[in-house]
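Since chain A is already given, all that's left is putting chain B on it; use the hints.
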Amino acid sequence: MTRAARDGARPLWLRSLGYWAFRYKRTWRSSMTETFVEPVLYLAAMGIGLGTLVDHHVHQVQGVSYLAFVGPGLLASAAMQVGVSESTYPVMGALKWLKTYEAMLATPLRVVDVLRGHLAWIVLRLATVSCAFLGTLAAFGLTRSWEAAVALPAGVLTGVAFAAPIAAFSATQEKDAAFSVIYRFGVVPLFLFSGVFFPITRLPGWLQPLAQVTPLYHGVALCRSLVLGDASLADSIGHAAYLVALAAAGYAAASATYRRRLVV
Amino acid sequence: MAPTLRSFLGTRAPAAEVTGGAAPGAPDAPHVAAADDRAADDRAAAEERAVAPAPALVVARGLVKRFGRFTAVDGVSFEIARGECFGFLGPNGAGKTSTMRMIACMSPVSGGTLRVLGMDPAIDGTKIRARLGLVPQEDSLDLELTVLDNLVVYARYFDVPRADARRRAADLLEFAQLSERAHDRVEPLSGGMKRRLTIARALMSQPDLMILDEPTTGLDPQARHLLWDRLYRLKQDGVTLVVTTHYMEEAEQLCDRLVIMDHGRIAAHGTPRELVERYVTREVVELRFATAHDQAAALPLGELARRVEVLPDRMLLYADDGEQILAEAERRGWSPVSGLVRRATLEDVFLRLTGRSLVD
Numbered sequence: 023m024t025r026a027a028r029d030g031a032r033p034l035w036l037r038s039l040g041y042w043a044f045r046y047k048r049t050w051r052s053s054m055t056e057t058f059v060e061p062v063l064y065l066a067a068m069g070i071g072l073g074t075l076v077d078h079h080v081h082q083v084q085g086v087s088y089l090a091f092v093g094p095g096l097l098a099s100a101a102m103q104v105g106v107s108e109s110t111y112p113v114m115g116a117l118k119w120l121k122t123y124e125a126m127l128a129t130p131l132r133v134v135d136v137l138r139g140h141l142a143w144i145v146l147r148l149a150t151v152s153c154a155f156l157g158t159l160a161a162f163g164l165t166r167s168w169e170a171a172v173a174l175p176a177g178v179l180t181g182v183a184f185a186a187p188i189a190a191f192s193a194t195q196e197k198d199a200a201f202s203v204i205y206r207f208g209v210v211p212l213f214l215f216s217g218v219f220f221p222i223t224r225l226p227g228w229l230q231p232l233a234q235v236t237p238l239y240h241g242v243a244l245c246r247s248l249v250l251g252d253a254s255l256a257d258s259i260g261h262a263a264y265l266v267a268l269a270a271a272g273y274a275a276a277s278a279t280y281r282r283r284l285v286v
Numbered sequence: 084m085a086p087t088l089r090s091f092l093g094t095r096a097p098a099a100e101v102t103g104g105a106a107p108g109a110p111d112a113p114h115v116a117a118a119d120d121r122a123a124d125d126r127a128a129a130e131e132r133a134v135a136p137a138p139a140l141v142v143a144r145g146l147v148k149r150f151g152r153f154t155a156v157d158g159v160s161f162e163i164a165r166g167e168c169f170g171f172l173g174p175n176g177a178g179k180t181s182t183m184r185m186i187a188c189m190s191p192v193s194g195g196t197l198r199v200l201g202m203d204p205a206i207d208g209t210k211i212r213a214r215l216g217l218v219p220q221e222d223s224l225d226l227e228l229t230v231l232d233n234l235v236v237y238a239r240y241f242d243v244p245r246a247d248a249r250r251r252a253a254d255l256l257e258f259a260q261l262s263e264r265a266h267d268r269v270e271p272l273s274g275g276m277k278r279r280l281t282i283a284r285a286l287m288s289q290p291d292l293m294i295l296d297e298p299t300t301g302l303d304p305q306a307r308h309l310l311w312d313r314l315y316r317l318k319q320d321g322v323t324l325v326v327t328t329h330y331m332e333e334a335e336q337l338c339d340r341l342v343i344m345d346h347g348r349i350a351a352h353g354t355p356r357e358l359v360e361r362y363v364t365r366e367v368v369e370l371r372f373a374t375a376h377d378q379a380a381a382l383p384l385g386e387l388a389r390r391v392e393v394l395p396d397r398m399l400l401y402a403d404d405g406e407q408i409l410a411e412a413e414r415r416g417w418s419p420v421s422g423l424v425r426r427a428t429l430e431d432v433f434l435r436l437t438g439r440s441l442v443d
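Protein chains in written order, with the numbering used here: chain A, 23 to 286; chain B, 84 to 443.
Okay, chain A solo, but in the shape it has when bound:
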């Protein structure tokens, strides 16, 4: 199939992205709270409240204040949360409840455009959230060098590493029951044990390798080293490569599951 339709030249995936952006106009107010207020609340509670306590007893975590330590970790975990929430219920809704995908497929759009458009929208959401979070970190005086700016794409990458495979999974589901399982046994444990709140070296020895293979661990490590300005090139490439591989595998899987679900 050729990309150009007779009616226009705008790339097809961009038209599907357009739908999500259009729809966002209805919900942006509530998501703004989520995007901008939550980081501040988390940083205040964890960094300042809990941080005072921690700093009082152990003085520093990995050579920085607890606030500086936990801030970038929260950035990565916020990206995970957005990535997961945007690739579960919205995908199910577009498939079954609202039949948005079905409506799109009656137009020039193809399955691959439907998928790319939706993922592109998730990337945009992740970019706004990461940007807001980084801005907050900067306002708290927690960014140390220009490298902190690279934490923006790092946050996006962390979120996509979750969103792409989960979208692939969501496209195989008939009900939303599995999503609460993803949260309970995926998101929450990762949030708590992937190095956001304490270095994973504090975990029991046998748990550490397990923590190291979770995507959030790599997201946290990448974002933290970039924000704190002590990133080594080799480590950063390693973390990013892991996340890119996960996102790419997720995209490939989603191409297959979307096709199987939507082309009948």
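Note that these hints are calculated values from the structure, not bench results.
With a straight-line Cα cutoff of 30 Å, these simulated DSS-like cross-link-like pairs (lysine-lysine) come out:
no.: 1; chain 1: B; residue 1: K277; chain 2: A; residue 2: K47
no.: 2; chain 1: B; residue 1: K277; chain 2: A; residue 2: K121
no.: 3; chain 1: A; residue 1: K197; chain 2: A; residue 2: K118
Here is chain B on its own, set in the frame of chain A:
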């Protein structure tokens, strides 16, 4: 209202001539002066002409659709001409929706050949869909958006410029009698309103071919008649319509030509009138008896008719002069609880062809 629609469709006419008229037209049809993208369309249309000069908008030959081991569509052939309303009449499960989805280039063909607007759906799905308007069996409106936004957002999939989309949406909301609801959310609308909105949405791209899958199923009679009126108006304006239905009344009122489908095959095809003439008599006498015993006793009446159908609750006698049979029944002393003479319909044709009723 009518002038609004006419002017709306008027603006689409040249586009339809340039690209759609290309199908039967001569290879060097006169160039219609238009915008740059139109010129590109002309070139694309010229290429289509060179490859496949199709006389009909849709041509199917031995079309098959399988789902695993189940064959939903089992080798159907038909042609749909420009400007006609073509119907697929049949009960649930006859393969109508599967056929529609293949024509709409949303479902791959399992066997046979299909050409839509002269193109192969497997190769040019995107190009074809750009010129189709689909009204799916199940509404796929965005319930959380407003009526107007549903139209505008849909037009954007076809890359209709935003300003044009808003203008068209206003015209089409008038056509669909939904102007007062333009800024309401879709969710609380009635079933009939949602169907009309879905039809308006399918018209946003000024399609060459409208595909309507069971457009009035689930609507109350009043909403159904209102919808038929809108579809009839589209037909008057020269829009090519493909309609599936299991209501024979709908098929009779709207369709110029139709096929009757059953178990994935085409049982018969023709105009509604031809089908009635070919398969049944002009009139039908419907007799209802108080008991099965009375009905059985009346069976010899069948000698008078060309054909008899005995249904659980009534007896149908096919004859060219129904009154004569009714009079004879009374003369012989068989007294039905009720007896009426009516014109034969497609329902009778279906009964004749399959031995079953259309709507169970």
